[in-house]
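Peer 1: Chain by chain, the residues run as shown.
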Amino acid sequence: MQIIQPHYHAIARTAQDYERMAMSGVVAVAEPAFWAGFDRLYPETFIDYFRQISEFEPTRAAQYGIRHFSWVAVNPKEAENPTLTREVLKSFPEFFAKPTVLGVGETGLHKSTKNECSSLEAHVEIAMKHGQLVLIHTPHLADKAHGTKRVLEVLAGMNVDRDRVWIDHVEEQTIRPCLDAGYWVGFTLYPITKCSPKRAVDLLEKYGTERILVNSSADWGPSDPFTLQECVLEYRRRGHSLQEAIEVFHNNPCRFLGQNPKFDIKPIRVETVI
Amino acid sequence: MLSPEQVVDTYFLEARHMLLEIAALLDRYDAAAARSGSHQSQSQGQATTTTTAADAKLAVLREALGVLREQGSTSERTVALLELFARV
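As they're listed, the protein sequences go chains A and B. Each number in this note's numbering corresponds to the 1-based position in the first sequence with 1284 added. Each number in this note's numbering corresponds to the 1-based position in the second sequence with 15 added.
Mixed in with the good hints there might be a few duds.
Computed Cβ-Cβ distance ranges for the label pairs, DEER-style [as the list claims (entries may be wrong)]: (1) A46/B with D1332/A: 44 to 50 Å; (2) A1440/A with A46/B: 29 to 35 Å; (3) T1298/A with L76/B: 45 to 51 Å; (4) T1343/A with E36/B: 37 to 43 Å; (5) A68/B with L1425/A: 57 to 63 Å.
Source of the hints: derived by calculation from the structure; they are not laboratory data. Heads up, the beta-carbon is just placed ideally off N, CA and C, and yes, glycines get one too.
Chain A extracted, bound-state conformation (with noise of 0.2 Å):
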């Protein structure tokens, strides 16, 4: 089966996991800017992290047949910097016109501070004068439900196309809200400390596949890039068809992602041929 990982940070990942992943069925995976392990003090740092996942990266999963996209930001855990924030942002226009980047993310709220509203404030203000597409991200753990509310509240006060915007690490008690007010929404699985696949497929079964996008994220902490292929069996054991996996695990990021019409993986169909 065919799947596109939506949201997945290569650069912290092994050449084998590429491997692994086209030998299950990845064909592209999108790779949204992420938090070094350390706040970064430097614009020039940012701009040349953007380069390698914009520029080297796809050369690297190239070499396992599949596609790699990109996305730019500050992240939320270094929005106490204004100064830098400001000034990253300005690069991010060159990074725009790359033929791989689709947007601006992972923006969103860590402690959900003031400066980080605005830091979100302005990198959705940024992505909609450019019209591009925009991915959220949550806070972890206890902030988790206030922190989604504000970003709701600081994205209701904005002109947004909501269509085009992803509120990514939602769960159980935070989904209704993104749903009901029109924007797309991620489950992002981690072994310990978000979603799990079991969890994950409850939720769909729930909510339906419409707007929902899963992934499991992989960055350098404790995270494994195939819980996605896990979630992918859960769906499936439990009774639900290929074509409706295919929906949910490549159609839906077809759909969202290719708002830009830099990602031109289409949705696919499986037909029996006589």
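Chain B: place on chain A using the hints.
Peer 2: Frame of chain A; chain B shown alone:
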């Protein structure tokens, strides 16, 4: 060996994850029961055996949660649960 505080700090997220999985399992059961229209056992043939066994397993899981809820009574919760699960 770990201090009491280290035990909590080290394993809190893992325990949180496991409890969420149990909560999700029970929610999944309730949703499935609602879809099928009843929590009751079916009345004929193989279906009776299967559903009765499932009911017994569910009851044991709920009983196990009760064992975990007891505070400070025993350090042998694991043994108690293994003996409980041996019933199904």
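Peer 1: Hint by hint, note whether the structure agrees.
Peer 2: To see whether the hints hold, each was checked on the structure:
Range check, A46/B to D1332/A: Cβ separation about 48 Å, and the 44 to 50 Å hint holds. At about 31 Å, the beta-carbon gap between A1440/A and A46/B stays in the expected band of 29 to 35 Å. Evaluation of the 45 to 51 Å hint for T1298/A and L76/B yields a failure: the beta carbon distance comes to about 39 Å. For the pair T1343/A and E36/B, the beta carbons lie near 39 Å from each other, so the given range of 37 to 43 Å is met.
Between A68/B and L1425/A, the C-beta spacing of about 37 Å breaks the proposed range 57 to 63 Å.
The structure does not agree with the numbered hints 3 and 5 stated previously, though it agrees with the rest.
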